[in-house]
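Asker: Sequence:
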Amino acid sequence: MVEFVDRSSQAAADLLGALDRETEALDLVVLRSRTLMLLHATGSIDFVGRASSELDQASVLLDRCSIERSNAIDAAKVEWDVEPQTASELVATAPAEVSSLIGERFDRARDLLDEYMAVSETIKELVATRSESVARRRSELERAQRGEVTYRAR
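As numbered in my numbering, the sequence shown has no gaps in its residue numbers, which increase by one up to the final residue, 154.
Just so you know, the hints here were simulated from the structure itself, not pulled from any lab data. Hints may be right or wrong, so weigh each one.
Label pairs and their computed distance ranges (CB to CB) [unchecked claim]:
(1) Asp107 <-> Ser139: 46 to 52 Å
(2) Ser139 <-> Met117: 30 to 36 Å
(3) Glu97 <-> Arg34: 33 to 39 Å
(4) Arg136 <-> Arg108: 39 to 45 Å
(5) Arg146 <-> Asn71: 57 to 63 Å
(6) Asp63 <-> Gly43: 29 to 35 Å
Here a beta-carbon is modelled for each residue, glycine too, at the ideal position from N, C-alpha and C.
Start from the sequences and build out the full structure, keeping to the hints where you can.
Answerer: This is the structure we're talking about:
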């Protein structure tokens with residue numbers, strides 16, 4: 001027997017699914033970012049290359065999730081015949097049986113995104129600092145090899 005789900009409920013289910021996938025992706029990139037912070041703290045020689053790669057991958061993943069979420073929101077707006085301007089307004093217009101779930105998912109995603117943004121900014125600053133330090137040391141070593149300055153160990 002085939003069970004038909006009304007389009008409004010399907011739009012809610014699609015939105016919940018998109019928000020769940022976005023939350024899972026955010027959980028992953030936050031965890032990876034914390035791992036990068038540990039790599040930096042341990043003085044890992046691979047920190048700069050790995051951090052740049054991880055941040056690029058996170059950006060691609062989060063962009064995909066954002067597009068999926070936006071598409072699900074657009075579909076929900078059409079099915080629910082609303083034009084909310086904020087996530088809160090969208091939650092308020094969602095079917096009653098799922099509005100609190102959608103609100104929780106939006107809140108969780110926002111919290112994780114805030115955490116990721118803070119950690120990723122710190123990582124970008126650490127990468128810049130480490131890159132400048134490596135470039136400065138390389139320049140000092142090259143000048144010492146040419147005999148322009150006496151290179152001293154720090």
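Asker: Using the Cβ atoms, figure out if Glu97 sits within 33 to 39 Å of Arg34.
Answerer: At roughly 36 Å between Cβ atoms, Arg34 and Glu97 fall inside 33 to 39 Å, so the hint holds.
Asker: Confirm or reject the claim that Asp63 and Gly43 have a C-beta distance inside 29 to 35 Å.
Answerer: Holds, since Asp63 and Gly43 (Cβ atoms, about 32 Å apart) stay within the stated range.
Asker: Assuming the hint says 39 to 45 Å, is it satisfied by the Cβ distance from Arg136 to Arg108 or not?
Answerer: At 42 Å between Cβs, range holds.
Asker: Is it true that Ser139 and Met117 lie within 30 to 36 Å of each other by Cβ?
Answerer: 33 Å, holds
Asker: Is the hinted range of 46 to 52 Å satisfied by the C-beta distance from Asp107 to Ser139?
Answerer: This hint holds: roughly 49 Å between Cβ atoms.
Asker: I want to verify a distance hint. Is the separation of the beta carbons of Arg146 and Asn71 within 57 to 63 Å?
Answerer: 58 Å, holds
Of the numbered hints stated above, none is contradicted by the structure.
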